Amino acid sequence: AQTVTQSQPEMSVQEAETVTLSCTYDTSENNYYLFWYKQPPSRQMILVIRQEAYKQQNATENRFSVNFQKAAKSFSLKISDSQLGDTAMYFCAFMKHMTNAGKSTFGDGTTLTVKP
Amino acid sequence: DTEVTQTPKHLVMGMTNKKSLKCEQHMGHRAMYWYKQKAKKPPELMFVYSYEKLSINESVPSRFSPECPNSSLLNLHLHALQPEDSALYLCASSGGGGLMNTEAFFGQGTRLTVV
Chain A
16 AQTVTQSQPE MSVQEAETVT LSCTYDTSEN NYYLFWYKQP PSRQMILVIR
66 QEAYKQQNAT ENRFSVNFQK AAKSFSLKIS DSQLGDTAMY FCAFMKHMTN
116 AGKSTFGDGT TLTVKP
Chain B
812 DTEVTQTPKH LVMGMTNKKS LKCEQHMGHR AMYWYKQKAK KPPELMFVYS
862 YEKLSINESV PSRFSPECPN SSLLNLHLHA LQPEDSALYL CASSGGGGLM
912 NTEAFFGQGT RLTVV
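Each protein sequence line maps, in turn, to chains A and B. To convert, count from 1 in the first sequence and add 15; that's our numbering. To convert, count from 1 in the second sequence and add 811; that's our numbering.
Calculated from the structure, these hints are not laboratory results. Only a predicted model underlies this, so the values are computations on that prediction, with no experimental measurement involved. It is possible that some hints are incorrect.
Covered stretches of chain B (chain A as the covering partner; in silico rule of three or more C-beta atoms under 8 Å from a C-beta of chain A) [claimed, not checked]:
no., region
1, 855-867
2, 890-903
3, 918-925
Here are some chain A residues pointing at chain B (derived, C-beta under 7 Å) [as the list claims (entries may be wrong)]:
no., residue
4, Val28
5, Pro55
6, Arg58
7, Gln59
8, Leu62
9, Ala68
10, Tyr69
11, Gln71
12, Phe106
13, Ala116
14, Phe121
15, Asp123
No residue lacks a Cβ here, since even glycine has one placed at the ideal position from N, Cα and C.
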């Protein structure tokens, strides 16, 4: 079984600054995907970024980037130039290769507040 | 259209009522899911329909019953719920092919209150 741990229940950052959210996971699988999902107060969960385990290059999506350390089983999310709209709960998730995406294992989440 | 639509957005029901939650997607996805989410917690998977086959989380009580009339629609029938069932109920779908297989698309949820 897989486990996903987010050790920061809450974080805050000033607008325009950079913040890093931590995630570690445990698995015996070699082929898998890791995700960061965002859930704003509007409730809808949205995929922020995705990393394929066999790719060594860290994924980036505009202001969002990850630091993927496969050997350490670490997958942190960096948000640059934070914006008020980034205020949300962020979930780290793990998915085994060749399984349904909705069966991902989620961490407990980190609530991020961006302050003006 | 990358949207999962859930209705209603809010629902208040008594413990003796029967109600249904509805979920619809038009992305051609062949897997759909129901989750229960308590405040400040991750979503808990309740049911999966994948290619019309149902998988159940065995910890889900029988007062919740899913129905999949076709590959675009997913219902969750509620009967004799308890106050502890009050939560946000999320629907999601996945399975569009290629990298789309690796993303779950979520609806906005139904906020359920059992009184």
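Among all the numbered hints in the text so far, which are the ones the structure does not match? 4, 5, 9, 10, 11
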